[in-house]
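Residue numbers (this note's numbering), protein chains in the order written: chain A, 20 to 233; chain B, 1444 to 1759; chain C, 79 to 613.
It is worth saying that the hints were derived from the structure and are not from the lab.
Since this is a predicted model, take the numbers as computed values, not measurements.
Hints may contain errors.
Said to hold, decoys possible - No farther apart than 27 Å at their CA atoms in a straight line, the calculated lysine-lysine pairs in the DSS-like style are these:
id: 1; chain 1: C; residue 1: Lys588; chain 2: C; residue 2: Lys567
id: 2; chain 1: C; residue 1: Lys310; chain 2: B; residue 2: Lys1551
id: 3; chain 1: C; residue 1: Lys310; chain 2: B; residue 2: Lys1505
id: 4; chain 1: A; residue 1: Lys80; chain 2: A; residue 2: Lys131
id: 5; chain 1: B; residue 1: Lys1506; chain 2: C; residue 2: Lys415
id: 6; chain 1: C; residue 1: Lys310; chain 2: C; residue 2: Lys357
id: 7; chain 1: C; residue 1: Lys310; chain 2: B; residue 2: Lys1506
id: 8; chain 1: C; residue 1: Lys588; chain 2: B; residue 2: Lys1505
Claimed, not checked - Here are the simulated distance ranges between beta carbons:
id: 9; chain 1: B; residue 1: Thr1487; chain 2: A; residue 2: Gln40; range: 47 to 53 Å
id: 10; chain 1: B; residue 1: Asp1645; chain 2: C; residue 2: Ile501; range: 31 to 37 Å
id: 11; chain 1: A; residue 1: Leu133; chain 2: B; residue 2: Asp1699; range: 49 to 55 Å
id: 12; chain 1: C; residue 1: Asp607; chain 2: B; residue 2: Thr1487; range: 43 to 49 Å
id: 13; chain 1: B; residue 1: Thr1483; chain 2: C; residue 2: Val139; range: 19 to 25 Å
id: 14; chain 1: C; residue 1: Val139; chain 2: B; residue 2: Phe1482; range: 37 to 43 Å
id: 15; chain 1: C; residue 1: Gln534; chain 2: A; residue 2: Phe149; range: 36 to 42 Å
id: 16; chain 1: C; residue 1: Arg135; chain 2: B; residue 2: Gly1657; range: 38 to 44 Å
id: 17; chain 1: C; residue 1: Lys310; chain 2: A; residue 2: Tyr66; range: 17 to 23 Å
id: 18; chain 1: B; residue 1: Asp1699; chain 2: A; residue 2: His78; range: 32 to 38 Å
Ideal Cβ positions, reconstructed from N, Cα and C, are used throughout, including at glycine.
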Amino acid sequence: MPEAQPAFPYATLPQQHEAAQLGMWTFLATEILFFGGLVLAYFVYHYGYPQDFDAAARHTKIVLGTTNTAILLTSSFLVAWAVTAGKTGFGRGAAVLLAAAAGLGLIFLALKGLEYSEEYRERLVPALNFSFDAAHARGAQLFFVFYFVATGLHAIHVAVGIAILLAIANRARQQRYSADYHAPLTVAGLYWHFVDAVWVVLYALIYLPGRSGA
Amino acid sequence: MWRNWIPFWHSGASSYGGDVDLLFIGLLTVSLLVTALLFTLLLTFAIRYRATSDADRGHRIKKSWHWEVGWTTATFVAFLGLFVWGATLYLRIFDAPDHTLSIYVVAKQWMWKAQHPGGQREINELHIPVDRTVRLTLASQDVIHSFFVPAFRVKHDVVPGRYQSLWFKAERTGVFQLLCAEFCGTDHSAMTGRIVVMKPDDYTRWLSQQDVDGTLAAQGSALFRELGCSGCHMGTSTVRAPHLDGLYGRPVPLADGRVVVADERYIRDSILQPRAEVAAGYDPVMPSFAGRVDEEGLIKLVAYIKSLANGAEAKP
Amino acid sequence: MSAAEPNYLTADFRLRSWFITTDHKRVALLFFATITLFFFLGGAAATLIRLELLTPRGDLVTSDVYNRLFTMHGVIMVWFFLIPSIPTTFGNFMVPLMIGARDLAFPRLNLTSWYLFLIGGAVTLYALFIGGVDTGWTFYTPFSTMYSNGHVVLAVIGVFITGFSSILTGLNFIVTIHRLRAPGLTWYRLPIFLWSLYATSVILVLATPVLAITLLLVAIERLAGVGIFDPKLGGDPLLFQHLFWFYSHPAVYIMILPGMGVVTELVTCFSRKTLFGYKFVAWASMAIAAVGFFVWGHHMFVSGQSVFAGLVFSFMSFVVAVPSAIKVFNWTATLHKGWVHFDAPMLYALGFIGLFTIGGLTGLFLASLAFDVWVTDTYFVIAHFHYIMVGGMVTAYFGGLHYWWPKITGRLYPEYWARAAAILIFFGFNMTFFPQFILGILGMPRRYHAYDPALQVWNVLSSAGASVLAIAYALPLFYLGWSLFWGRKAGPNPWRATGLEWQTSSPPPKHNFIETPVVRRGPYEYTPDPVPQNA
Chain A
20 MPEAQPAFPY
30 ATLPQQHEAA
40 QLGMWTFLAT
50 EILFFGGLVL
60 AYFVYHYGYP
70 QDFDAAARHT
80 KIVLGTTNTA
90 ILLTSSFLVA
100 WAVTAGKTGF
110 GRGAAVLLAA
120 AAGLGLIFLA
130 LKGLEYSEEY
140 RERLVPALNF
150 SFDAAHARGA
160 QLFFVFYFVA
170 TGLHAIHVAV
180 GIAILLAIAN
190 RARQQRYSAD
200 YHAPLTVAGL
210 YWHFVDAVWV
220 VLYALIYLPG
230 RSGA
Chain B
1444 MWRNWIPFWH
1454 SGASSYGGDV
1464 DLLFIGLLTV
1474 SLLVTALLFT
1484 LLLTFAIRYR
1494 ATSDADRGHR
1504 IKKSWHWEVG
1514 WTTATFVAFL
1524 GLFVWGATLY
1534 LRIFDAPDHT
1544 LSIYVVAKQW
1554 MWKAQHPGGQ
1564 REINELHIPV
1574 DRTVRLTLAS
1584 QDVIHSFFVP
1594 AFRVKHDVVP
1604 GRYQSLWFKA
1614 ERTGVFQLLC
1624 AEFCGTDHSA
1634 MTGRIVVMKP
1644 DDYTRWLSQQ
1654 DVDGTLAAQG
1664 SALFRELGCS
1674 GCHMGTSTVR
1684 APHLDGLYGR
1694 PVPLADGRVV
1704 VADERYIRDS
1714 ILQPRAEVAA
1724 GYDPVMPSFA
1734 GRVDEEGLIK
1744 LVAYIKSLAN
1754 GAEAKP
Chain C
79 MSAAEPNYLT
89 ADFRLRSWFI
99 TTDHKRVALL
109 FFATITLFFF
119 LGGAAATLIR
129 LELLTPRGDL
139 VTSDVYNRLF
149 TMHGVIMVWF
159 FLIPSIPTTF
169 GNFMVPLMIG
179 ARDLAFPRLN
189 LTSWYLFLIG
199 GAVTLYALFI
209 GGVDTGWTFY
219 TPFSTMYSNG
229 HVVLAVIGVF
239 ITGFSSILTG
249 LNFIVTIHRL
259 RAPGLTWYRL
269 PIFLWSLYAT
279 SVILVLATPV
289 LAITLLLVAI
299 ERLAGVGIFD
309 PKLGGDPLLF
319 QHLFWFYSHP
329 AVYIMILPGM
339 GVVTELVTCF
349 SRKTLFGYKF
359 VAWASMAIAA
369 VGFFVWGHHM
379 FVSGQSVFAG
389 LVFSFMSFVV
399 AVPSAIKVFN
409 WTATLHKGWV
419 HFDAPMLYAL
429 GFIGLFTIGG
439 LTGLFLASLA
449 FDVWVTDTYF
459 VIAHFHYIMV
469 GGMVTAYFGG
479 LHYWWPKITG
489 RLYPEYWARA
499 AAILIFFGFN
509 MTFFPQFILG
519 ILGMPRRYHA
529 YDPALQVWNV
539 LSSAGASVLA
549 IAYALPLFYL
559 GWSLFWGRKA
569 GPNPWRATGL
579 EWQTSSPPPK
589 HNFIETPVVR
599 RGPYEYTPDP
609 VPQNA
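Please work from the sequences and hints to get the whole structure.
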């Protein structure tokens, strides 16, 4: 395995590593603001239509949603494990873990697709076939607009994440990462964890309202 | 007033217009002083310290906490003063005093439609009496417009889906421009009108000369029956619906525990989205009239229900 | 520099090498060409607008065409000229040079940023040319989502894509300034231009994503009509305004902060004196960026937002003006006991200080609640922001252009032509925009193409000024272009400035420095003699 050299224009590997991490954290900050704007809109309408939102949220598929949450959390655990493995030179181990995490990501997307098709069957898709009890239709439609936009955007981020994990897994398999050089691995891990964190927030906003308490 | 003899100046014609003008003069004075100071300094320094001059450049300073804190504090204090001045006047402009004359205005692409309580209707014109407080309730039929009367120094956006209000008291008779100040489509620049301020006698005469279909409340009463509202809300019916006598202006306990005041907004929203604020003790069975009644119709209904505030029904 | 060493321009003559370059200097030139094109497109729209406004009746173009013209002017100037301008040109070129690095932190991301800009620009231009958009650059709902018959979705997609270009540039600068500084270059030894770009980048990175999601929602609403901003379906038009201005107000600081940074470089170099109150100026830039996130509601004083919100936003708007005032005082104090030269860059810098002051003071007028009620949505606002954007930003841009021209091209521009253009720009500018303050006070709303005939004299003055301004802006095209072929060759440091960028050849070699500089002093040690930062 060749001695890793810092890429242009860096002088040392640690400098490159720190720059990559700072870059990823900055990028994640932009993502927080991006989803944040959407979440703000959610809260504004939740405040305006509390009962409608509760009624709409009760129609979400909590079993599927919870399963998906467990899947993503597990995948994040695998990714964290993979990063440690990669840092200590276990390239093949890291590759297997990353591939498994990507696989879980694929299952997540499949279940999401299943969920979407059920929602289509139940006429919960705004602009396509939305039909809801007239008493709560206004806010419920807004809820489901948020639901599809937020989970749709999230799913796109998951898909990109899967591609990244597989690409990094391939490189890990080729023993490209070590204690000295593992920036892409760390940074990919950060991105995946963030996608997971966004999901946890969305889970709370989408599946939980209207189901707790009386 | 002293403002009247400033050349080129059209002084404000409303009760708070003069104060807004004074604020403007204040801001202008501060700005002119600062600009003069700065330009003088820049010019003086640029000339005295031009490269070819042999002015004394000894004892240069790179920084000075005294100067920095000094000019920062001075700036901040001046700004604070301007903020308070503008804010207190703003609170007066938006806090309607007890009004005596309530007029409804509907904005739609690309015209202004005014409805007087006596049923008089105007398009792109608004006749009002001088020296009387007028409160306008503004509604939009379509997109966001903005009701702007430069002479009165007042403006407010007219946002669809809700009522806005603004008030003024004209202090001079005359004709003043009304302009739409929020871009609303093709003929935005043509959405202009006239505010005609008249002496009280002329105004009364003008009111009586208009072709009237009954007062606004009476028109509302007719619409109330035409749309079938009276079927549930009045007389005997199997459907239990709240009675509307004396409703306007009173607090209404809602089914979800909140208490709201039955104002114009509440009435309008109850007609368009009856399930949103159901009165306590009633079932959410009222149908929505969205799409079946436009903003002008809603205004008539609101005026009618307002007229029931004292418990007496308006005669048609 | 040895004769054998090529500079970044001569390193590779193939056209292809320009389109796959990752050299920050070449990317800067790619951006420079693109935004210049957009500047003239936006200017063409402005020309037609001012021509129409010569007469009170709408007689040059139809209402619909006029509405598309001012929308095109706004969209192009804001997103395709002002926002990218200094950061993607002088920022891209100078940031690595000023910090002693060989390139930005992520060179390939930089090129990606340009391609995204190009794609976004192409989509937007396509929308504008197949019929245009008539909503104004502010896309207020429900007009833009439910009523406009323009190509709204295409236009917002174009801007959406371009937003990512902004975000990547900001991200690149933040990481570069944090991690690639030369040995000895502490934060307090950075030129103020870099502090300004850093502050700008923070805004780019945090505000632009909110615009992205907002435009996405507008596109979805327009395509699907599901009620997000439509009051008839329960949506709130004011939610759009809050989301939009949450980005668009900080956006104006994205536009002006880099200009302020350039002016600081110019004032120090051409007064031959260190900046007065360096730390105050540095932190004032950060303060503007931070506080600028909390003032957006001052665009909505008459929109129907609560009175309480109005009070908070008015107060914060006064607060955000304080750091700008601090900078103006510090620049002025820098001239005191200096040796002032009046080369073209300095004329632009002085012009900036004057025009920015006027623009900024009129901002105070607008921050003042009761006064804003009167003049918001009138030509007073238009005059205010053009004083800052054109009188401030564009002036600073031209100042930087002349200052760094020798460094970028290796040629000197003809000084007397440049000074003449600077003075002509100053006069043309004031003649164009000062009458617009008066028009606003006299009650002319914005986005009107027909107006009260009594206002014609001011409109004619403004349009006359615009024609002077147009000529003045065209002049640099000619003499700068001339200088590329026949201008005197420039040495590494024609201005005898102290920054690191002047300690390498003009034009710089491909990797900027033969040897990484080691920094031993601050950025503006001009007295008694100019000492470079790495001496």
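Outcome of the hint check:
no.: 1; hint: C:Lys588 / C:Lys567; verdict: holds (19 Å)
no.: 2; hint: C:Lys310 / B:Lys1551; verdict: holds (15 Å)
no.: 3; hint: C:Lys310 / B:Lys1505; verdict: violated (61 Å)
no.: 4; hint: A:Lys80 / A:Lys131; verdict: holds (10 Å)
no.: 5; hint: B:Lys1506 / C:Lys415; verdict: holds (13 Å)
no.: 6; hint: C:Lys310 / C:Lys357; verdict: violated (53 Å)
no.: 7; hint: C:Lys310 / B:Lys1506; verdict: violated (59 Å)
no.: 8; hint: C:Lys588 / B:Lys1505; verdict: violated (36 Å)
no.: 9; hint: B:Thr1487 / A:Gln40: 47 to 53 Å; verdict: holds (51 Å)
no.: 10; hint: B:Asp1645 / C:Ile501: 31 to 37 Å; verdict: violated (57 Å)
no.: 11; hint: A:Leu133 / B:Asp1699: 49 to 55 Å; verdict: violated (35 Å)
no.: 12; hint: C:Asp607 / B:Thr1487: 43 to 49 Å; verdict: violated (26 Å)
no.: 13; hint: B:Thr1483 / C:Val139: 19 to 25 Å; verdict: violated (45 Å)
no.: 14; hint: C:Val139 / B:Phe1482: 37 to 43 Å; verdict: holds (39 Å)
no.: 15; hint: C:Gln534 / A:Phe149: 36 to 42 Å; verdict: violated (53 Å)
no.: 16; hint: C:Arg135 / B:Gly1657: 38 to 44 Å; verdict: holds (40 Å)
no.: 17; hint: C:Lys310 / A:Tyr66: 17 to 23 Å; verdict: holds (20 Å)
no.: 18; hint: B:Asp1699 / A:His78: 32 to 38 Å; verdict: violated (20 Å)
Of the numbered hints given earlier, the model fails hints 3, 6, 7, 8, 10, 11, 12, 13, 15 and 18; all others are met.
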